[in-house]
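6 protein chains.
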Amino acid sequence: MSNVAPISRFPVPRLEDLPDDIRARIEAVASRSGFVPNVFLALAHRPDEWRAFVAYHDALMERESGLTAAEKELIVVATSAANDCLYCVVAHGAIARVRSRNPLVSDQVAVDWRKADVAERQRAMLGFAVKLAVEPARVTEDDLAALRYHGFSDEDIWDIGAITALFAMSNRMAHLTAMRPNDEFYLMGRVPKDALPKLQSPA
Amino acid sequence: MSNVAPISRFPVPRLEDLPDDIRARIEAVASRSGFVPNVFLALAHRPDEWRAFVAYHDALMERESGLTAAEKELIVVATSAANDCLYCVVAHGAIARVRSRNPLVSDQVAVDWRKADVAERQRAMLGFAVKLAVEPARVTEDDLAALRYHGFSDEDIWDIGAITALFAMSNRMAHLTAMRPNDEFYLMGRVPKDALPKLQSPA
Amino acid sequence: MSNVAPISRFPVPRLEDLPDDIRARIEAVASRSGFVPNVFLALAHRPDEWRAFVAYHDALMERESGLTAAEKELIVVATSAANDCLYCVVAHGAIARVRSRNPLVSDQVAVDWRKADVAERQRAMLGFAVKLAVEPARVTEDDLAALRYHGFSDEDIWDIGAITALFAMSNRMAHLTAMRPNDEFYLMGRVPKDALPKLQSPA
Amino acid sequence: MSNVAPISRFPVPRLEDLPDDIRARIEAVASRSGFVPNVFLALAHRPDEWRAFVAYHDALMERESGLTAAEKELIVVATSAANDCLYCVVAHGAIARVRSRNPLVSDQVAVDWRKADVAERQRAMLGFAVKLAVEPARVTEDDLAALRYHGFSDEDIWDIGAITALFAMSNRMAHLTAMRPNDEFYLMGRVPKDALPKLQSPA
Amino acid sequence: MSNVAPISRFPVPRLEDLPDDIRARIEAVASRSGFVPNVFLALAHRPDEWRAFVAYHDALMERESGLTAAEKELIVVATSAANDCLYCVVAHGAIARVRSRNPLVSDQVAVDWRKADVAERQRAMLGFAVKLAVEPARVTEDDLAALRYHGFSDEDIWDIGAITALFAMSNRMAHLTAMRPNDEFYLMGRVPKDALPKLQSPA
Amino acid sequence: MSNVAPISRFPVPRLEDLPDDIRARIEAVASRSGFVPNVFLALAHRPDEWRAFVAYHDALMERESGLTAAEKELIVVATSAANDCLYCVVAHGAIARVRSRNPLVSDQVAVDWRKADVAERQRAMLGFAVKLAVEPARVTEDDLAALRYHGFSDEDIWDIGAITALFAMSNRMAHLTAMRPNDEFYLMGRVPKDALPKLQSPA
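The listed protein sequences derive, respectively, from chains A, B, C, D, E and F.
Residues 14 to 216 in my numbering are what the first sequence lists, from first letter to last.
Residues 14 to 216 in my numbering are what the second sequence lists, from first letter to last.
Residues 14 to 216 in my numbering are what the third sequence lists, from first letter to last.
Residues 14 to 216 in my numbering are what the fourth sequence lists, from first letter to last.
Residues 14 to 216 in my numbering are what the fifth sequence lists, from first letter to last.
Residues 14 to 216 in my numbering are what the sixth sequence lists, from first letter to last.
No lab work stands behind these hints, which were simulated from the structure alone.
We treat Cβ as the ideally placed atom computed from N, Cα and C, and that holds for glycine.
Careful: at least some of the hints might be erroneous.
[Stated by the list, open to error] Computed from the model, here is a short list of chain C residues facing chain B with C-beta under 10 Å:
| hint | residue |
| --- | --- |
| 1 | Val67 |
| 2 | Cys98 |
| 3 | Val102 |
In isolation and in its complexed conformation, chain A is listed as follows (with noise of 0.2 Å):
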């Protein structure tokens, strides 16, 4: 078990050789972070689809909104899971849990969705999700109106359909690249922030 895999199918840029207004935000997203997540190498070897996908992730992700940010989060990591895409499920299962402050329940919603620790209304949330991810034609009027039951607003309907769009066009980048996550996001959230520097020194 040593096959380890590259970044991307496709040439990836050096930071460096990126074009300034690129490296300057990845530069932010890795300051935070503590390391460069591959998506933003892997996809900047097509700078202005980069700043597209950039510009949507924000558009949708950072908007003010009625669902959390860890619910968001879980919508990717739902529907990431139905369409078997290791660099989503991993990298947004790492935020979920930062968001959540819980680290069971990314795991859990890769796995089954109908059988993880969430409340009915995301439960409804997330098989509306998966549901758009995986037989688009078949959601119908119906499905929005169990949506409203749940007390989402249209607003909200818009946004858990529109995060699941966005990550369909995400996962087949990501299959098409076999972008691979980085090592860091497997260990995300799962212990106290100030243990990790400690688990990760050479003991």
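Given chain A, work out where chains B, C, D, E and F should sit, using these hints.
Showing chains B, C, D, E and F alone in chain A's frame:
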């Protein structure tokens, strides 16, 4: 057969209420094609997402590429048909007819890309795109090798995959909103352009 | 995009070599529609089977029924689309446009019958037909009850089911033979009939 | 376990009320097999469709062919099993036992044609038939080439495909009507014919 | 049709070479049924696994239960048919005929449990079992509630589920080994027991 | 996100109420791992079935084999992930991390075994296991040949298949009972063992 569906399940902004940059772009499209494609209005419900979507679209669809404009559109038609996406099949089917100057190929690809009047190389391209659209985890290095055998460069392969990914998103937005294609698309590219006004006049 | 496929993978008889009864019927169709639909030639490779097929078709499609002629054709379009059948979607899509005097509904039903401009009763009819076409064992008494609720009689239900069954056969013959739809079908019913010659003249 | 289902969900005509030609044919079958197979009564609810169905059946199943009568019946069994069709699996399983003088092969093919006691050439034939039955659009020129490699002529391939197509229809009529196979079929071909009366006498 | 497959793809021990406890059990079965069911020999390739398998089988199938012995066997037949498992459908179909004293119901359940001559309560049981066999993650609390509505206790539900689970294993062992059912099973339970020797004598 | 699910839908016995042999085994496991894995309690609702299950597990998982202990666990992870089985993915993912001394590979295999950091030989092993888990009837002699090409002996192939079969059962018991994995599993094998108590102390 008279239940005419609305443009979207969500609120549709009026053109005059949109931000200037969005309205300007929409008016440019309308002046070129003679009508405002509904996708521009339906998605403008969220201006920031609209901008990112259009930027992504332009980055991919208007990029210099080893693929022709018609080939790009046929990728959209084939993968959108695999997702039963009414808006994208009808609208991009129309554009593909125009770009390819072939009035038949869009309908063929929409129903069964395996039997369409396309070159073997194009059939390989469509097969790859539909696989990535429908069962993305099954795409392996062998699938890329098959495309290279047909003469596609790695940049071409990125294009095929990224267009597929973009419309995986777009198809889900269309299903989320129950987006309705404009009536104008159905006839576009089927008859000589100068015959259209005559056909649509109240004869 | 120039790989024009032949009418059938199997030998296609010449009209003048066919038995008299078959040739007479084909000539009657041709004089009405202006061309010989390829299905008549492709299946005439086996005259006895041809006669049975046409007899079955006429018994169902020309029978007095609670279904309109347009509704019958839309059942063919919806179920043939579920089977990705190029010949039947294109040919019966054309006939459905003519019968319904609606240039849009065939394409809508072919892509996503759930979102087509049809009455709720018709949507129930199409949903039943597609279920019987795709997962016939799952059709239960409840599905028939739903149709009765929408006002269909038991004879209507037989018609819906039997048309679906007939085209389950027809779709498979079309896939077996790689049957090619005539170019003429693509435009039929989309424009006023008297405009057609003008459109197709060498302008 | 006593809920004995009726022959059909739809009205079943009495033999004596049927048109002469239909009654004559049914009586001929009954005198040969000792009972009236339910399919003849259930479908006779619609005499014209009955006549076309029987004509189609005879044209294919009684035609001189490169396939043996037993092989034809096994195609029916394999494809009907893929459609979970109770009537066709039980009735044609019985006929296949009789035709093949093999009491085991029908049950084997009905459960898993891949593991049945048939020749490799027959396994290829059944694999093609099941593919055409279940995912017809995926049948390509390569599948026909594989049959030719096993020695099937193009006329044989038409027979395999057309029988599959005919029973795609028949299976759906059986599911539509919830057609019940006669009790007699279950034992037919399993024991020497002269033992049957004894077995069924009130011992 | 003469390619008679062997009992297993893996080495099959001779009865006399087996450990005493295993041989004793097999001989007991053989003396009761008149032959050694192949599963006992095929799995005895691994004695420890054999012992665990038989212990599991006995714990479930011979346990006092709210389910009858025939119902237990029909669960095996329905779920094994969903897995296209030749050995289990043929062998347990035979046992179900014997246990239910009904020569028809096994074949009915094997082809389409929805249309078998069983009570509604039994149909609910089979529907639950097949769902757990085929798409286990979709089994929710609602499915258990439906069984309770039909009068099943929670211990009955465990039995239904555990038998399904046991044969999920058994079916896969049968497919792994290409296990062949004994010829004797095919006729078992179809005719009065005292008629069997006569039928099989060289008449 | 606070809906903590119980261990099982069915009654869970207390350790002290269990038969001596079962309690002894559970206590041995607990003293080794520091907690009682829930599967031991949930299945102990039925002591005889528990004993058979544990015997089966031990016979396969503790057997001398051409597969390493880590490889066996990865088979469990890959096939349980294909069945969306929360308990087995989380618990055996933990064990696989410990056995392989690799903190990443379990999550990789759980999401997409095709892209995990494993040797090609191991990828072939996992591909075979998932095929047997998900579409067992499609496993043919060719699949075994492919494993032999990768150097697996027939005994190894039995191990791969039998472990897959055992967990096909186990996954369904977990879904039947909605079995909840212990919280301890989620972190196991991700950090050095001596760091665990510190992480979990009330800091």
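Hints violated by the structure (listed by number, smallest first): Hint 1 contradicted; others consistent.
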